[in-house]
Every structure is written in structure tokens, then in C-alpha cells.
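Engineer: Sequence:
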Amino acid sequence: MKVLIMTAIYPTVDNPAFGSYVRTQSESLQRAGLDVEMLVLSHRHRKLIYPLAIFQLRERLACSAVDLVHAHYGLVGLIARTQWKVPVVVTYHGSDILGSITKYGKRPLVQRVIASACRVLARHVDAAIVQSDQMAAKIRKAKVHVIPHEVDLDVFRPTDREQARAVLGLDSGKRYLLFAANPRVEVKRFPLAKAAANALARHDTRVEMLVVSHEPQTRLALYMSACDALVFPSFQEGSPNIVKQAMACNLPMVCTDVGDVRRVVGSTKYCYICNPCTDEFAAKLAEILAHRNRSNGRENIRHLDSPAVARRVIAVYEEVLRKSDGRVIAKRQDSSSLLPAWYSDDANEMREPPAANK
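Quick note, the numbering used here runs 9 ahead of the 1-based positions in the sequence shown.
No lab work stands behind these hints: they were computed from the structure.
Among these hints, one or two may not hold up.
Claimed, not checked - Using C-beta positions, here's what the derived DEER-type ranges look like: (1) 312 <-> 183: 32 to 40 Å; (2) 59 <-> 121: 12 to 20 Å; (3) 321 <-> 213: 42 to 50 Å; (4) 55 <-> 192: 15 to 23 Å; (5) 220 <-> 39: 32 to 40 Å; (6) 330 <-> 211: 55 to 63 Å; (7) 40 <-> 121: 22 to 30 Å; (8) 220 <-> 302: 22 to 30 Å; (9) 121 <-> 305: 36 to 44 Å; (10) 305 <-> 49: 34 to 42 Å.
Unchecked claim - 30 Å max Cα-Cα, derived DSSO-like pairs, lysine-lysine: (11) 11 <-> 278; (12) 11 <-> 115; (13) 115 <-> 203; (14) 332 <-> 278; (15) 147 <-> 332; (16) 203 <-> 278; (17) 115 <-> 152; (18) 11 <-> 203; (19) 115 <-> 147; (20) 94 <-> 332; (21) 183 <-> 203; (22) 56 <-> 147; (23) 94 <-> 147; (24) 152 <-> 332; (25) 183 <-> 278; (26) 115 <-> 56; (27) 94 <-> 183.
Don't be surprised by glycine CBs; every beta carbon is placed ideally from N, CA and C.
Put together the whole structure using the sequences plus the hints.
Structural biologist: Given below as C-alpha cells:
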């Protein structure tokens with residue numbers, strides 16, 4: 010099976026954390042035996058990325074025998090669905106279905122429009138993959154598969170705390186709180202995390218917050234082993250990778266109840282879910298720092314390791330191809346053959362277009 014993965018987010022030299030989960034999944038699919046091609050959408054002028062992507066996709070399909078297109082994020086899915094020759098699977102990641110929220114808890118009009126378009130798209134692709142039940146509920150009329158992002162357990166694994174601190178050049182006597190996101194992204198709610206850390210530091214000068222973003226996955230894993238707790242006060246998420254990665258490193262944490270965090274964390278020791286309140290966050294963090302124990306998160310996250318998630322994604326691909334209803338797979342003609350198919354009353358069922366007039 011040959012799959013073309015389309016994405017506008019993918020790690021770069023300057024930002025190795027950007028879209029790292031897309032690369033992780035593509036590599037997992039390759040290890041599982043799939044022939045994977047990447048189409049990474051980029052342009053120095055961001056406004057041109059998506060218009061140009063239509064032509065990039067058509068050119069790729071015209072010269073490569075692809076069985077299926079897998080698009081990451083709703084806007085990329087809209088581009089993938091401009092052709093009907095090849096089945097399309099779209100993975101939604103959160104804001105594309107839910108709509109982005111400002112620090113005031115509001116969804117701007119443009120974000121509501123984009124989210125609405127992405128939800129409609131889900132009814133016109135061959136399969137949709139979402140990160141949580143909350144997201145699935147938004148597009149319940151479509152064929153939806155809930156498959157959270159995987160965790161690379163080979164990269165994210167427990168390392169001795171003192172050893173990790175020595176590698177990173179950190180003070181062995183400090184009590185480090187980890188904020189593993191870009192503090193300028195409003196939805197991550199950095200001010201709350203900082204306020205909770207400051208509240209603790211007033212009583213214990215050993216407490217210090219480390220802000221880590223744009224780091225390679227291997228280095229992020231070291232920070233998770235070196236720190237005492239993860240602080241995760243986000244407004245909105247789909248299935249936050251940071252939480253799962255921290256669990257794989259047995260890092261205690263305090264989180265808000267967003268996305269699938271409650272289901273993923275479950276009854277994991279020293280992992281707390283609380284309201285987005287400085288006092289509550291500070292109290293739970295103080296409890297973690299008082300004991301300095303590690304969690305048992307790794308044993309509770311094994312079902313989301315890379316091979317297991319890859320098998321679930323491949324099962325979606327296989328189901329889509331089985332339902333292709335006689336379409337010739339992995340065969341391309343000239344680009345003029347990439348014409349829209351006609352839909353029956355069932356938005357998920359394809360039928361052949363009427364014969365052209367002669």
C-alpha cells in the first residue's frame with residue numbers, strides 16, 4: 010500500500026518540535042511495511058501555501074501511483090479533497106474541529122468559519138480520524154475513528170533524574186517545574202503556570218520553572234526525566250502529546266480537564282486534574298514537590314505506543330480501500346482525469362458520474 014501524507018506542519022531545523030507527531034506516525038507506518046510519501050506544504054509567503062498546494066497535489070498524483078491520501082489538519086484535508094481519484098483520510102488535531110480559543114475564552118469569527126468548514130469536510134472524505142470523543146461528537150454524522158496520537162516509548166522513557174540533570178546542566182538541588190510549550194501561544198495559558206510557580210517560589214526558593222519549546226524529542230525527554238512535575242494549564246486540546254510523553258517518562262503532572270486528558274491520565278499516581286485556578290495548581294504542585302515521587306504513567310500509556318497506533322491507522326486505510334467500490338487503486342491517468350465524483354443521498358457513498366454528452 011502506498012500512502013501520500015500531506016501536512017503543513019513538520020519538523021524543521023529551526024523548530025524540531027513542530028509537527029513531530031506527524032513525522033513519528035509516518036515513520037511508524039513505514040516500519041509497519043507501508044510505502045509512505047510525504048508532501049510537506051510550505052512557502053515563504055504563508056498565504057500562498059494552500060492555493061499552491063492544490064497544484065502540488067495534482068502534480069504528485071499525476072506522477073506517482075498512490076493508493077490513498079492522508080491529510081493532517083482540516084485545512085490540508087480541504088486541499089486533499091479537491092481531487093476525487095484517490096480516497097482521502099483526514100486526521101483532525103483539535104482546533105480545526107473545535108475552533109481556536111483566545112485567552113478570553115472566545116472563538117473569533119474566522120476560527121468558527123474554519124471549524125465549520127472542517128466539520129463539513131468530514132462528511133465528504135472517506136474517513137476521519139480524531140483525537141478524542143469530544144472531537145468525534147462534533148462530526149458525529151461522519152465516519153469517525155478516535156485514534157489519539159501515539160507515543161514513541163523508545164524516545165520517551167524514564168531516565169535517572171540526577172543523570173538527566175547532569176546532561177542538561179541543571180542544579181541537582183532545585184525543584185523544577187516543566188512548562189513544555191510556547192509561552193506566546195495563548196491557548197497554553199502560560200500566565201497561570203507562571204503564577205502557580207511564583208506562588209510556590211515565595212515559600213521555597215528552590216522552585217524554578219523551566220520553559221521548554223522547539224526542542225528535539227530526545228532532549229525534551231531528558232527534561233521530563235530531570236524535572237519534578239509538568240504544569241499543563243491549557244484552554245483547549247485534542248489529545249495533547251505532552252501529557253502522554255510525560256506519562257511515558259513517569260513525570261508527575263497537574264493539568265486542566267481538556268481534550269482526552271482525563272481519560273488518558275485515568276488513575277495514574279501523582280497526576281492531577283484541577284480547575285484553571287492558580288491556588289489549585291499551586292496546591293497540587295506543592296503536594297508533588299513534597300514527596301518527589303515518580304508516577305506510574307508509563308504502564309498506563311503502553312496502549313498508545315507507536316506500533317499499536319500504526320496498526321489502528323492501517324486498519325482505517327484498509328477499510329477505506331475495501332469500500333472504494335470498484336475504483337482502480339494505484340492507477341493514474343493524466344491530470345484531467347482528476348474530476349469530482351457524484352454523490353448519492355448518503356454523503357459517504359460514492360457513485361459514478363453520468364456519461365458525458367457527445
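Engineer: Which hint numbers does the structure go against, in order from smallest to largest?
Structural biologist: 7, 11, 12, 14, 18, 27
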